[in-house]
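Line order of the protein sequences matches chains A and B. Following my numbering, the numbering of the first sequence begins with 1072 at its first residue and continues without gaps. Following my numbering, the numbering of the second sequence begins with 2 at its first residue and continues without gaps.
Hints may be right or wrong, so weigh each one.
Stated by the list, open to error - With beta-carbon atoms standing in for the labels, derived distance ranges: (1) A/I1271 - B/V61: 31 to 37 Å; (2) B/L227 - A/E1116: 26 to 32 Å; (3) B/L33 - A/A1229: 17 to 23 Å; (4) A/F1079 - B/R288: 51 to 57 Å; (5) B/A358 - A/A1289: 39 to 45 Å; (6) A/D1281 - B/Y30: 19 to 25 Å; (7) A/D1216 - B/L227: 41 to 47 Å.
Claimed, not checked - Far from chain B, some chain A residues (derived; all Cβ distances over 10 Å): (8) W1110; (9) G1172; (10) G1177; (11) A1208; (12) V1266; (13) A1279.
Said to hold, decoys possible - To give a feel for the contact side, a few chain A residues facing chain B, derived at Cβ under 7 Å: (14) A1165; (15) P1167; (16) I1170; (17) V1184; (18) N1287; (19) I1288.
Just so you know, the hints here were simulated from the structure itself, not pulled from any lab data. We put the beta carbon where it would ideally sit given N, CA and C, even for glycine.
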Amino acid sequence: MFTTGFKFFFGTGVALATAGVLYGYTTGGNHMGPLSLGWKGGVGEHVGYGLLVGLGVTAMGVALTLIFFRDADPADQADYMGVDDIAPSAPVTASPWPIVGAFGVGTMAVGLVLNTAVFITGLVIVGAVAIEWMMDAWADRATGDPAANRALRNRIMAPIEIPAAGTALVAVGVLAVSRIFLNVSPLGAVVIAGVVAVVILGVGVLGALDVKMNRNIATGLALVVGVVVLGGGVWATVDGEREFHPHEIEGEEGHGGDHAEDDGEDHAEDDGEHSDGDTDSE
Amino acid sequence: MTMTDSPPATDIAHADSAAAVASPVAGLYEALTSTDHKIIGRLWLRAGVLMLIGAVALGVLLGFERVDGASTDIFGGDNAYFQVWALYRIGLALLVAAPLFIGLAMVVAPMQVGSTNIAFPRAALASAWGFMIGAVIMIVAVLAGGGWGAVDQASGDERDAVALTLVGMAMVVISLLLGALCVATTVVSMRVKGMTLLRAPLFAWSMLVASAVWLLTLPVLLANLLIAYVDLHNGPGTFGGGLSGDLSIYGQVDWLVQQPQVYAFAIPVLGVLGSIVPVTAGVRAGRHGLSMGLIGFFGLLSVGAWAQPYFQPTSDAVVRYDEKFVYIAFGIAAILPVLGALGGAADALFRGRNNFAGLPPAHVLGALGAGLLLLVGTAAGVARVVEPFELGDRVTTSGVMNLVLFSAIAAAVAGMWFWAPKIGGSELPPMMGRLVAVSLIGGGLLLGGAQVVNGFFETSVVPLVAPTDDVGDALNVVSLLGMLLIAVGVLGLVAALGKALRSTETAADDPWGGHTLEWATATPPPPGNFAEAPALVTSEAPLLDAPTDEGGEP
Chain A
1072 MFTTGFKFFF
1082 GTGVALATAG
1092 VLYGYTTGGN
1102 HMGPLSLGWK
1112 GGVGEHVGYG
1122 LLVGLGVTAM
1132 GVALTLIFFR
1142 DADPADQADY
1152 MGVDDIAPSA
1162 PVTASPWPIV
1172 GAFGVGTMAV
1182 GLVLNTAVFI
1192 TGLVIVGAVA
1202 IEWMMDAWAD
1212 RATGDPAANR
1222 ALRNRIMAPI
1232 EIPAAGTALV
1242 AVGVLAVSRI
1252 FLNVSPLGAV
1262 VIAGVVAVVI
1272 LGVGVLGALD
1282 VKMNRNIATG
1292 LALVVGVVVL
1302 GGGVWATVDG
1312 EREFHPHEIE
1322 GEEGHGGDHA
1332 EDDGEDHAED
1342 DGEHSDGDTD
1352 SE
Chain B
2 MTMTDSPPAT
12 DIAHADSAAA
22 VASPVAGLYE
32 ALTSTDHKII
42 GRLWLRAGVL
52 MLIGAVALGV
62 LLGFERVDGA
72 STDIFGGDNA
82 YFQVWALYRI
92 GLALLVAAPL
102 FIGLAMVVAP
112 MQVGSTNIAF
122 PRAALASAWG
132 FMIGAVIMIV
142 AVLAGGGWGA
152 VDQASGDERD
162 AVALTLVGMA
172 MVVISLLLGA
182 LCVATTVVSM
192 RVKGMTLLRA
202 PLFAWSMLVA
212 SAVWLLTLPV
222 LLANLLIAYV
232 DLHNGPGTFG
242 GGLSGDLSIY
252 GQVDWLVQQP
262 QVYAFAIPVL
272 GVLGSIVPVT
282 AGVRAGRHGL
292 SMGLIGFFGL
302 LSVGAWAQPY
312 FQPTSDAVVR
322 YDEKFVYIAF
332 GIAAILPVLG
342 ALGGAADALF
352 RGRNNFAGLP
362 PAHVLGALGA
372 GLLLLVGTAA
382 GVARVVEPFE
392 LGDRVTTSGV
402 MNLVLFSAIA
412 AAVAGMWFWA
422 PKIGGSELPP
432 MMGRLVAVSL
442 IGGGLLLGGA
452 QVVNGFFETS
462 VVPLVAPTDD
472 VGDALNVVSL
482 LGMLLIAVGV
492 LGLVAALGKA
502 LRSTETAADD
512 PWGGHTLEWA
522 TATPPPPGNF
532 AEAPALVTSE
542 APLLDAPTDE
552 GGEP
């Protein structure tokens, strides 16, 4: 009937919500305020009230989700699936999140000492890993069938993962490649752009021809490309942008940036400082 | 019920367990992301062996430097010398001994208790990677001029590197705790039907005790690191950890490698001894409950977070912690469980003397040698706490540390030889194993023994202070020879592992006639470990007492 997970989370939710209502009354709430979320009366101390009631509602939401998916109760699952017995499942499937999480914690550790942006990057990685990890842990025990568990998990997470991962990949790739273009010579930038275009075209052709490739080779190639792009971007950022020589165009004083010889904007020379593009034409 | 000393044949097939879900991918991806406890354990073991190579290399350099105590020729300065010395000491405990045992336990303990996997497999995998990343941060930070405080003012500009050392070390400790938690939970809650805690195999039990002691004490080390980090960022605070040109940070963490805490890293030595010797002697281990009690007692005596010299009162009016009854009693009592465990091993060897032929196997040499090293280490610890000798601030402290930690390392290596079929699928070369065992134990005895004796000649524990006596210099040479011998052993270990990696021969499922459940699995063990759930366990040696085909009676 009611699964263990449902009982736990629903009970926790009721307890938290009750505590929130009591807290709302005992800290200055009046009338129906604490019961109506402040609609009919006051709720006293807002932060604690909001936290307790919010957590309570969240827990009850989790409880409803669990009862909907029949969480890990073998008897309920067997009844639900119309079989006598369900083989116990042991989650020994590979998972990338532990290594990504460890990398995120390492990034946070280094960022804590050296750079706030690095720390926040690590924090974002760890946050994403926490969500993925929880979903995997839930899905591993959703039913007695590992394939069904995987499908269930993917149905919920893929619509979030694919756009998010794609956006992150594109953003990091664009950022890294742009740093490389700004670092190398104009001719080098053209060559690199050509190579990248050929590679993209090549990958597209291989995909269109449905060429089968060993998974390990594909993983290794993707890893190498990722390391080259990311490493190149980091190296280029550290090395700085190349020297630009913007020049003045007759009749367009102060707007040389749009027609600079190296098609860059007005930049201070090689020291990373950017001018405003209006006043320092040479 | 008839008790036998030889296990019945097992007919467990190599088929996948119904409880196991085979990983859908293989190769590089699986090696990095698998949540199979055997693969995770191998990650820990490889990391531990790699760190062992580094630690021994540092030890050799330190040995050469110490021989000529008048100057710092190799490291080019007092501070660099001190940082490497500190890295060696802390690394030997946190980066070598503990990870080797966690790796061994992650492979072996789940099988010993009849489980299909380790508890929290993903957390176990995260602990392995977290350990490696933390170790790299810590080591790189020390080499970049960081470390645990400066002995001179020259490192005042390396504040970030010092801070990185602290956060890297914290990451290592947290990862070790996470790994220990997974091992302990497996032994506590994932035992097969019939295996009460009192029937748990000795190695699994010793890891449970060790994990409990680590979980109890290492968070205190985390608190030390937090204090040092806050002081570092906000200037010398209450505890003075602000690079004020002294050993303020190192002083707060050195208790980790001093007795009694250093014994915590050697608790599994007694478990390895109790698991290997009776099996090799071909007899049932006597007094299993007593052996468990001795391991638990040793664990109790190794709780040492309370004994921190940095925080001891300096006033003459107050008695120092190392002059108090509890500290002295702990120091003296620690030798008793080691003697008891060695007595049990000797009893098994005596009863099984007719089963021996030829040279003793490498794992027996290693296990017995590790027990001997621990006995010498705890005996030196007794001498250290006995007041008339006044060895507390002398190099005897390093001697006790080296004896105990190399005892742990030798036991872990012996375990790798014993459980090699379950770890990697093939046996490790036996002759090379004997060479490794003899080198590690002989080297450990020379290194630690010479340092213990050197303390009687008033040689300081601080590396920058030269011996006051010619005998002290001579004993430093003996210590260096010991470290060189250990280096030979480590080279042998690396060669043996490389040879096993290239080997295509698969070992037998149970080459030693084991008593516990890990020997009922196939070699190499499949995902899920057991083709079918192990039979009801009725004793601490389930393979000796397993029901026969005729039904019921063994």
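The hints, checked one at a time:
At roughly 52 Å, the beta-carbon separation of A/I1271 and B/V61 lies outside the given 31 to 37 Å, and the hint is violated. Remark: the range hint 26 to 32 Å for B/L227 to A/E1116 is upheld by a beta-carbon distance near 31 Å. With their beta carbons about 22 Å apart, B/L33 and A/A1229 fall inside the hinted range of 17 to 23 Å. Checked against the given bound of 51 to 57 Å, the beta carbons of A/F1079 and B/R288, roughly 43 Å apart, lie outside it.
Remark: the range hint 39 to 45 Å for B/A358 to A/A1289 is contradicted by a beta-carbon distance near 53 Å. Distance hint for A/D1281 and B/Y30: a CB-CB separation of about 22 Å, consistent with the stated range 19 to 25 Å. For the hinted restraint 41 to 47 Å between A/D1216 and B/L227, the CB-CB distance of approximately 46 Å keeps it satisfied. With 10 Å as the threshold on Cβ separation, the claim that A/W1110 sits away from chain B holds: the shortest Cβ distance comes to roughly 43 Å.
Some Cβ of chain B comes within 10 Å of the Cβ of A/G1172; the nearest lies about 5 Å off, and the non-interface call is violated. Not every CB of chain B lies more than 10 Å from the CB of A/G1177, the least distance being 4 Å, so the non-interface label is violated. Taking the minimum C-beta to C-beta distance to chain B, about 8 Å, the non-interface status of A/A1208 is violated against the 10 Å cut. For A/V1266, the non-interface assignment is confirmed: its Cβ lies about 26 Å from the closest Cβ of chain B, beyond the 10 Å cut-off.
At roughly 25 Å, the least C-beta separation between A/A1279 and chain B is larger than 10 Å, which holds for a residue marked as non-interface. The beta carbon of A/A1165 is positioned within 7 Å of a beta carbon in chain B (closest approach about 4 Å), and the interface hint is therefore held. For A/P1167, the interface hint holds, since its Cβ comes within 7 Å of a Cβ in chain B; the closest pair sits about 5 Å apart. Of the supplied interface hints, the one on A/I1170 holds, with its beta-carbon coming within about 5 Å of a beta-carbon of chain B, less than 7 Å.
Interface restraint check for A/V1184: the shortest CB-CB distance to chain B comes to about 4 Å, inside 7 Å, so the restraint holds. Contact between A/N1287 and chain B, as hinted, is supported at the beta carbon level, the nearest pair being about 4 Å apart and thus within 7 Å. Hint status for A/I1288: violated, given a least beta-carbon distance of 10 Å to chain B, over 7 Å.
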